[in-house]
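Can you build the whole structure from these sequences, using the hints too?
The lines below spell out each chain.
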Amino acid sequence: MAVSLDEAIARKEHTLVSTILSSQTFWVLLAVLAACVFLSFATDSFATSKNLFNITRNVTFTAIIALGMTLVIITGGIDLSVGSVLCLCSMVVAVTMHAGYNIYIGIAASLLVAVVVGGFNGILIAYFGFPPFVVTLGMLSVARSLAMVLSNNTVVYQFGPDHEKLLALGGGSTFGVANPVIYMILLALLTGFVLRWTRFGRYVYAIGGNEKAARLTGVPVELIKVAVYVISALSAGIAGIVQTGWLGAVTTNLGTGMELQVIAAAVIGGANLEGGIGTAFGALVGAALIEIIRNSLGLLGINAFWQGTFIGGFIVVAVAFDRLRQRR
Amino acid sequence: MAVLEIIDVSKNFGAIQAVSGVSLAIERGEAVGLMGDNGAGKSTLVKMIAGNFLPSSGSIRIDGRNVVLHKPVEARRHGIEIVHQDLALCDNLTAAANVFLGRERRRRIGPVSVLDHGAMARRAGELFRDLKSETRPRDLIRQMSGGQRQAVAIARTMLADAKIVLMDEPTAAISVRQVAEVLNHINHLKAQGIAVVLISHRMPDVFEVADRIIVLRRGRKVADKRTETSSPEEITGLITGAIETV
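Those sequence lines, one after another, are chains A and B.
Heads up: the first sequence is residues 0 to 327, going by numbering that gives the first Met the number 0.
Heads up: the second sequence is residues 0 to 245, going by numbering that gives the first Met the number 0.
Think of the hints as simulated: they come from the structure by calculation, not from any bench.
All C-beta atoms, glycine included, are put in the ideal place defined by N, C-alpha and C.
Any given hint might turn out to be false.
[What the hints assert, rightly or not] Footprint (simulated), chain B over chain A, 3 or more residues, beta carbon under 8 Å:
(1) 203-212
(2) 216-226
(3) 283-297
Here it is as structure tokens:
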């Protein structure tokens with residue numbers, strides 16, 4: 000009896016293979032790879048190093064913010080303000096450097112603004128019980144308006160004495176890999192580590208799973224919530240700084256509508272909007288799929304207006320697939 | 000010596016007297032059934048023991064020492080653990096993660112300290128074995144039966160080296176087969192010298208595991224009897240007021 004009980008407790012219900020096969024991220028990854036194989040045969044221009052360089056770099060901005068967004072979504076929240084925060088942070092670094100300050104001060108100012116914006120969102124949501132949708136919808140409007148105020152709605156394209164450094168930061172490459180891609184990989188590794196191996200990560204999942212239970216077992220729910228909104232805003236700020244260096248100019252419509260693309264990437268990658276589920280790797284895979292759809296439509300000569308239909312279709316298919324799998 | 004003593008405790012909320020002059024004592028390894036109709040003062044009494052409310056008057060002693068419990072955390076520090084009616088589990092986490100929620104074990108790797116998944120799963124497995132429950136530490140709560148969920152919630156209290164476990168309606172919402180499993184868990188807690196306070200409406204369950212039954216009515220203790228000297232009919236009478244007091 001005791002032996003069979005021990006065996007029952009020690010038995011593993013899920014092998015590594017079954018876990019992988021049951022994850023949405025795996026199937027989306029498969030779709031990404033299938034699309035890549037198909038496109039390399041169907042077009043001459045897909046599998047060129049130039050196009051691949053472009054794709055990987057374009058993925059990064061969505062992917063970096065999707066990492067932060069995934070944390071927010073795991074806690075059961077949402078952050079609609081990231082597109083505007085990206086614009087505001089871009090504008091802060093641009094204006095600061097344009098005014099003659101060096102790149103370090105520019106970046107520090109930009110990240111500080113991100114922390115303040117994220118902290119404001121988080122405090123209203125965690126301590127005052129505002130719905131995340133409403134608070135961040137408000138911030139979506141406020142942050143973009145502040146970016147316009149800051150720049151007087153002009154294009155900023157001269158970044159003072161450290162102009163070249165900023166362009167190299169976002170537009171350069173190291174060992175043939177675009178710099179933004181390197182930042183994305185580092186941030187993804189960091190996010191993955193935090194989610195899997197730290198107490199903070201465990202609490203993020205716990206809050207999304209059962210907030211009341213988390214509170215009863217002594218998890219500092221409010222603090223963790225504020226932290227995830229700060230991280231989300233910071234990820235938008237980092238993406239903004241890097242994108243500024245890549246584009247070499249900032250306009251006040253930078254990042255418009257980006258929140259939807261980021262949320263789409265997180266959801267396609269397996270994050271569940273009801274909370275409790277999501278991974279860093281999923282965020283990257285989701286962002287990659289969106290970029291490949293966009294890229295391939297162009298290469299296949301399909302009218303770019305179809306892009307939204309394809310991406311929207313994929314969101315629904317990915318979620319429908321997840322529902323079917325859970326029902327089985 | 001009694002592990003938990005309640006001495007002449009009263010609680011009023013404004014003009015409403017929820018609990019008046021209740022005294023009781025519970026020994027190590029003893030299970031006490033706390034019964035009473037809705038509004039009899041059961042949950043108010045339990046919430047005072049759990050540190051949710053301070054008594055208006057009277058005192059609570061643990062191991063013979065007076066304690067004042069301002070917050071649930073303080074009650075926990077004194078070895079009082081609660082199994083909530085809804086179990087307070089996270090569906091999306093594993094059994095081991097739930098057992099250790101808020102008390103994660105970590106180990107240092109160089110400058111960072113990381114979750115020790117292996118040690119937590121092993122320890123949770125040991126606790127489930129002590130409870131004689133076929134619960135796998137690495138399975139998600141979402142996939143578990145009501146009895147297994149109870150095992151996880153109870154294992155959480157054992158992890159803390161609790162002296163006293165308060166269980167709020169642990170058998171209210173589960174199947175008959177699982178009720179037997181939960182009652183077994185309670186017997187295992189008793190065998191380890193842990194005092195159990197069982198709040199329940201289900202007469203057969205209380206008679207099955209409780210050594211004593213305490214009945215509250217309108218905030219007063221009207222009975223405190225050894226289970227073998229009483230009967231479900233008598234307890235029902237005491238709860239409803241058909242029998243004044245014993």
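query = Looking back at the numbered hints, which does the structure fail to meet, lowest number first?
reply = 3
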